[in-house]
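Residues per chain are reported as follows:
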Amino acid sequence: MISHEDSMRILIADDDEDDRTFFSDAMMELKMNNNLTLFNDGKELMDYLANPDIMLPHLLFLDLNMPRKSGFECLKEIRADLRFKDVSIAIYSTSSSEKDIEETFIEGANIYIKKPNDFNKLKKVIKEVLNVNWQFHSSGLNKETFFFSI
Amino acid sequence: MKLYIKYDGIVACRVILQEQLERLNIKHKLLDLGEIEISDSVSDESFAELQDSLSRYSIFIVNNEKSQLIQKIKDTLVEMIYENDKLPAITISQYLSEKMNFSYGYLTNIFSDNTHSSIENFIIIQKIERAKKLIIEDELTLTEVSYKLNYSSVAYLSSQFKKVTGLTPSTFKRIVDKRRSLSN
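Residue numbers (the numbering used here), protein chains in the order written: chain A, 10 to 159; chain B, 19 to 202.
Hint data in this document are derived by calculation from the structure and do not stem from the laboratory.
Do not take every clue at face value.
[Claimed, not checked] Here are the simulated lysine-lysine pairs, BS3-like style, with alpha carbons at most 30 Å apart:
(1) A/Lys152 - B/Lys24
(2) B/Lys92 - A/Lys133
(3) A/Lys78 - A/Lys130
(4) A/Lys85 - A/Lys108
(5) A/Lys152 - A/Lys130
(6) B/Lys196 - A/Lys52
(7) B/Lys92 - A/Lys94
Excised from the complex, chain A in its bound form (with noise of 0.2 Å):
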């Protein structure tokens, strides 16, 4: 059984650097013991992920407008390719419009968060969505009707 105890592996890309750094100080102090790598932007994620070598991310953080290659690419690549049908997928953006939220739901994102400015808000936001992402692994249900937008 994948337990709390046992550490998740969970991806990021953002290009804002101060978003990237206010994410990892929040997962930190979760103190959850997850693993966390940092992407520059969506071409290193992809770049990264290409290697058929590396251990698959529990989930994945994606935000939606980076330059090169935005999360909206990356989200269709990584749903077009069957290797990472069990990787969760969270859409991490500014943007909190509907059409925003339907269509990348609809693109195969199981996740929306809408980036949270404040610390303590998104150190709760990131643990909601952890338990949620957990729960819904360890309890057997549907992936194809994951979706939890906060």
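Given chain A, put chain B in place with the hints provided.
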């Protein structure tokens, strides 16, 4: 004289297991580390002998009653939510304690201590999961779904749905439909 040895603990352990199981004529398959599949039933005597002989190597058969009990709670709840045409009218606590012959207090404590979640939360997630299926099947109205799953009103189902998924039932349905038409 001093001898220096090197050894592989995993291989050693597998060989010991194999030898002991064969000695007792127990048909088996060694799975990944820590798991053995036994094909036939084993008499109490051989089981005791196996336990006994393995313990000499500090190998113990884990008989974790707690995790078995938690699995049973989950199975009972899932069965209740999925198998019945309509959820039973009695309270969950009554249902569980009757089915399992333990007090509800005992069951909730064991569940919460070992799953990072509560029985109540598990039920909510499973009920919403069933609601998702029913919504996608599109044979029942939302009112009928809420009746089937024992919600006091559609509004209550919708708000719980929104809480668990962040979406309204109708947005959820639209997303699933569009996703399907995309993949066809």
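Determine which of the earlier numbered hints do not hold for this structure and return their numbers in increasing order.
Those not satisfied come down to hint 1.
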